[in-house]
Amino acid sequence: MSTVSMTVNGKAVSADVEDRTLLVDYIREHLRLTGTHVGCDTSQCGTCVIHVDGKAVKSCSMLAAAAEGAEVTTIEGVANGDLHPMQRAFNDNHGLQCGFCTPGMIMSGIDMVNRYKAEGRTLDEAAIRHELEGNICRCTGYHNIVKSIAQAASEM
Amino acid sequence: MSEGIGAPVKRKEDKRFITGKGKYTDDIRMENQTYAAFVRSPHAHAEIKGIETSAAEGMSGVIAVLDGAQLTGDGIGNLICGWAISSKDGSPMNMGAWSALATERVRYVGDAVAVVIAESKDEAQAAAEAVEVSYNELPVAANIAAALAEGAPEIHENAPGNVIYDWELGDGDAAEAALAGAAHVTEMDITNNRLAPNAMEPRSAVATYDDAEDHYTLYSTSQNPHVARLVLSAFYQVAPEHKLRVIAPDVGGGFGSKIYIYPEEIVCLWASMKTRRSVKWTAERTESFLTDAHGRDHVTKARMGFDADGRIVGFKVSTRANFGAYMSLFSSAVPTYLYATLLSGTYDIPAIHCEVLACYTNTVPVDAYRGAGRPEASFVVERLVETAAREMGKDPAELRRVNFVKEFPYQTQVTMNYDSGDFEGNMNQAMEAADWSGFAVRKAEAANRGKLRGIGMACYIEACGIAPSAAVGSLGAGVGLWESAEVRVNPVGTIEVLTGSHSHGQGHETTFAQVVAERFGVPLDSIQIVHGDTDKVQFGMGTYGSRSGPVGISAIVKACDKVEVKVRKIAAHLLERNPDELVMEDSQVKVPGTNKALGWHEVGLAAYTAHNLPAGMEPGLKEGAFYDPENFTFPMGCFIAEVEIDPGTGKTDVVKFVASDDFGVIINPMIVEGQVHGGIAQGVGQALLEEMVYDDGGQPVSGSYMDYTMPRAEDVPSFVVEHHNTRCATNPLGIKGCGEAGAIGSPPAVINAITDAIGNNDISMPATSAKVWAAIQASGTGIAAE
Chain L
-13 MSTVSMTVNG KAVSADVEDR TLLVDYIREH LRLTGTHVGC DTSQCGTCVI
37 HVDGKAVKSC SMLAAAAEGA EVTTIEGVAN GDLHPMQRAF NDNHGLQCGF
87 CTPGMIMSGI DMVNRYKAEG RTLDEAAIRH ELEGNICRCT GYHNIVKSIA
137 QAASEM
Chain H
946 MSEGIGAPVK RKEDKRFITG KGKYTDDIRM ENQTYAAFVR SPHAHAEIKG
996 IETSAAEGMS GVIAVLDGAQ LTGDGIGNLI CGWAISSKDG SPMNMGAWSA
1046 LATERVRYVG DAVAVVIAES KDEAQAAAEA VEVSYNELPV AANIAAALAE
1096 GAPEIHENAP GNVIYDWELG DGDAAEAALA GAAHVTEMDI TNNRLAPNAM
1146 EPRSAVATYD DAEDHYTLYS TSQNPHVARL VLSAFYQVAP EHKLRVIAPD
1196 VGGGFGSKIY IYPEEIVCLW ASMKTRRSVK WTAERTESFL TDAHGRDHVT
1246 KARMGFDADG RIVGFKVSTR ANFGAYMSLF SSAVPTYLYA TLLSGTYDIP
1296 AIHCEVLACY TNTVPVDAYR GAGRPEASFV VERLVETAAR EMGKDPAELR
1346 RVNFVKEFPY QTQVTMNYDS GDFEGNMNQA MEAADWSGFA VRKAEAANRG
1396 KLRGIGMACY IEACGIAPSA AVGSLGAGVG LWESAEVRVN PVGTIEVLTG
1446 SHSHGQGHET TFAQVVAERF GVPLDSIQIV HGDTDKVQFG MGTYGSRSGP
1496 VGISAIVKAC DKVEVKVRKI AAHLLERNPD ELVMEDSQVK VPGTNKALGW
1546 HEVGLAAYTA HNLPAGMEPG LKEGAFYDPE NFTFPMGCFI AEVEIDPGTG
1596 KTDVVKFVAS DDFGVIINPM IVEGQVHGGI AQGVGQALLE EMVYDDGGQP
1646 VSGSYMDYTM PRAEDVPSFV VEHHNTRCAT NPLGIKGCGE AGAIGSPPAV
1696 INAITDAIGN NDISMPATSA KVWAAIQASG TGIAAE
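Protein chains in written order, with this note's numbering: chain L, -13 to 142; chain H, 946 to 1731.
Okay, chain L solo, but in the shape it has when bound:
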């Protein structure tokens, strides 16, 4: 057992967790923030993507203890009151169907737009598709997810 403290969605949280506890399990089971999902056991699917210190991370591939002192944002914390432009873009473009991969897609989408903007690179369709390597969707065929991220990129 270790005591871990971090900031999640702007709120300071602290808990005793087993050393083996994954960050995703801490978020889902301890904090009961169930918007972050688990869709595989090999770090491929990307339904668990969150932001740790401003960077997209698969929360299934990080221990809760490793997030000590970190600034964590989950899907529940991306918007300030109203919807984040990335969330709105997914609704505008029918970028989701069953919704299970959606939080991870939105978190990856925000991260990729931020990175490309910071680096002054253009996030075109080919780049979006390439960047989505780590996020699997079984419903949408990615067509409208790509459109959603492109729209948000023009608005963010």
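Any given hint might turn out to be false.
Unchecked claim - Computed spacing ranges between beta-carbons, pair by pair:
{"#": "1", "chain 1": "L", "residue 1": "6", "chain 2": "H", "residue 2": "1649", "range": "14 to 22 Å"}
{"#": "2", "chain 1": "H", "residue 1": "1070", "chain 2": "L", "residue 2": "66", "range": "36 to 44 Å"}
{"#": "3", "chain 1": "H", "residue 1": "1352", "chain 2": "L", "residue 2": "119", "range": "47 to 55 Å"}
No wet-lab data here; the hints were simulated from the structure.
Glycine included, each C-beta is placed from N, C-alpha and C at the ideal position.
Add chain H to chain L, keeping to what the hints say.
Frame of chain L; chain H shown alone:
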């Protein structure tokens, strides 16, 4: 109307999903909840010699370790297949016993043997690993050829030679005679690869037993909670139907795999009664690969005969279908009534015969997966037609044009009666959108870049709107396939629609509301769709086979008809006019051409206050309906794929994909196009990437996302999706259904494009880079291109 039928309304249900507030089964936590972990067979086929549980029982947090002897001792029944198919000789299918926890023998890797119930997931898993099962390994039949070979190991005692049934449809003599007289016969061996459905949400169940009420509640990742309750009650004897509530909350995709009632749900319910605690189980992805029903897995020989003008004269098909180790709920219907009945394709074929031999193997059960039988039929028909065109030196589009069914209704030789369509219209639209005539230029341009470019077409047809109850009953179905709806107008005029359909991504909360909004002239926001809870919704059959539009919405329309009659009577009474004079629009019931009108909410209130109703009228404004379809519906379309292949590596890129579909009347084109996009990606996945592989010993080789290639965003292009719709003639709104089309038409289109590009027709799915590269070497096209 901007919110009514035909409007691309944004989805009402999106907000909870994009904000992380969706409620899936694994998000539910009951008070005092425990966790189940299953002990699964590591062997594909073995006798269980003994199960030693004492070490596990002594471990931290363990509440109970339960096995099959206790399960059967408590009277829990075997899993069943609900569709009885008879062999050619009239004998019934050979259904082997399937206990939710194996008792004497395990028959596939992953077969559940015991379950540990513990205070935490980690403790349950640790104890499950400490359960010692001793096995006596048996010889394995891991695929169709091994199962049907002379001297193959017998998987079920009551299925000699591992044969489940040997079935046929159509006129064999007529087909054989037609082929004998044909000017040209195309003959092919075709394999339809085995797929894992891979809904992104793994299956999950949370079961609670209330001993004071002797009542069970099951939260489950189900596409059809009422069917789950019926089967759990009537066949598995877990609980009587009135003492069991099944709730399917937000469900993260299904694609068929969540139709069936699996051992895990049965065991969680039973264990909750044994332990008097809530029991939760959620599959890990590896467990999904090991236990979710797989799809396809056919091996087929087919011969198609043509006359000198290119008209199809006869078609003979012989298919062997792998059912896995046990017969899953719908399994028997898939290679028969959902497959052989579609073998006329979009063509006028005067003689067709199909025989299907279904067999057991030591693999996970195989059942319906997006398209279910229809992708297999479409693949056989469209690969043969394309190949025949090449063999005869005819243009593949023109060969299809000559053979299309052109007049409706059209009775096929394999029972289906097509009600409507304009097959040429869809082909013309797709060819134009794909710039078919400009392909030669693009091919030459690609060759300059060292790439092999190919174009392929497929004209699929499918049967949706499953299904007329009397018809399927006569064919062996254990249930009717109608749908139900209840429309409740509240005293304040808001509306609740209770539907037996279930939405797990299809957007019913939006499209169903659009239908009702248009019907009554009320705002979309005043309508709530209720589904997925057996305590709230009247019995319903659920969502699969693209049936929610043609059958589910039809039931809602029928209930709306009854509500409308009553609304008109009440309003006419209050306005002192004739019911037929009134119109419903702008949230009012109006007398046209006058200023006489009642607010919609005033009619609702009048119905419930009942102070001034027509003489003899019951209070309230709520009507229910059961809609039984009079025929299947027949969505069809033409898909055109264009691929570029690197001859040095065999890597195939789908560079363009055009779909022209006929879905009948469309409620929400945005949602319909989304369904097509997803289906095409699954079909491209089947064609290029996906295969569930077992080795000869029955060990799954592709049991994780490290090994099973899911289509990623870079594996598919943006799609061009167009519509050329003809109204369905057999349901009230003219809807045909759209959920599976994309997955049905795309595999043959992609493979036809690849074989066109490389000049070698001998390639099987998935057409991986290695296979394509080898085929290029065999045909020599790679060298020519370089």
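Hints, verified against the model:
Taking 14 to 22 Å as the suggested C-beta distance range, the pair residue 6(L) and residue 1649(H) conforms, at roughly 20 Å. Separation of residue 1070(H) from residue 66(L) is about 40 Å and conforms to the stated range, judged on CB atoms against 36 to 44 Å. Between residue 1352(H) and residue 119(L) the C-beta distance comes to about 49 Å, which sits within the given range of 47 to 55 Å.
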